[in-house]
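Trainee: The primary structure of each chain is shown beneath.
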Amino acid sequence: QSVLTQPPSVSGAPGHMVTISCTGSTSNIGAIYDVHWYQQLPGAVPKLLIYGNFNRPSGVPDRFSGSKSGSSASLAITGLQAEDEADYYCQSYDSSLDGVVFGGGTTLTVL
Amino acid sequence: QVHLVESGGGVVERGGSLRLSCVASGFTFSSYGMHWVRRAPGKGPEWVAFIRSDGSIKYYGDSLKGRVTISRDNSKNTLYLQMNSLRAEDTGVYSCAKDLLVETDAPASAYDFWGQGTLVTVSS
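Line order of the protein sequences matches chains Z and R.
The numbers in my numbering rise by one with no breaks, and the one at position 107 of the first sequence is 171.
The numbers in my numbering rise by one with no breaks, and the one at position 58 of the second sequence is 1420.
FYI, nobody ran anything at the bench for these hints, they're computed from the structure.
Every value quoted in this text rests on a predicted model; they were computed, and no experiment measured them.
Just so you know, even glycine gets a beta-carbon here, dropped at the ideal spot from N, CA and C.
Careful: at least some of the hints might be erroneous.
As the list claims (entries may be wrong) - Taking beta-carbon pairs under 7 Å as the criterion, some of the chain Z residues facing chain R (in silico):
no., residue
1, V109
2, F166
3, G168
Unchecked claim - Across the chosen pairs, the derived CB separations fall in these ranges:
no., chain 1, residue 1, chain 2, residue 2, range
4, Z, G107, R, T1466, 46 to 54 Å
5, R, S1433, Z, A146, 40 to 48 Å
6, R, N1446, Z, L161, 39 to 47 Å
7, R, Q1478, Z, T171, 41 to 49 Å
8, Z, L161, R, S1393, 20 to 28 Å
9, Z, T83, R, G1377, 25 to 33 Å
10, R, G1404, Z, D162, 24 to 32 Å
11, R, G1378, Z, E147, 40 to 48 Å
12, R, S1387, Z, G107, 16 to 24 Å
13, R, R1376, Z, T173, 45 to 53 Å
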């Protein structure tokens, strides 16, 4: 059972939008700690997609955006493309555990 | 170009030990905190440990706390993970990961680079 809760799967048609939620608590997302998002393609290592709740590293398309509200965060992907099919993970810091926590991951299927 | 190359994994019996290494290149290793993260088969990432850029601060995840020690040799651009009293549930791919931000004191930063990892298999 992960400290950060993500839906196991989401799906959407090409060109459409999906959002992936990441729900935590007052000791992680609901505190001062940032949320980061990663994309993991099959057979690859995770790639940083969003850092500090809403910042995109250079090279990440603006179709990907992040937000945070209260004890939850969201990753939105617009203009879905087949290449977006991957697993997505959220990450934060938890003050009760004094360490890093990840979500259980969400598998995105582009229909 | 940043490269992180892990080694030292293998098959070990329950209760055994392993020392993992991660050789870094393409950035100023001594300026960045580093992490070990593991990925068990069919599961998401699980954070293992963090070490500050100068090695003075260390944090450990609960699942391996007391059984692992993270260290680094900045003169060799190398990160280590000493793993003891290994259990079957420790099986997985262990990757090193680089902090996005310089000289962090706590493991709250994102990771901008991950190594491919080294496979640890604990046989029971």
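Trainee: So, against the hints stated earlier in the document, which numbers end up violated here?
Mentor: Numbers 4, 6, 7, 9, 13 - these are the hints that the structure violates, sorted from lowest upward.
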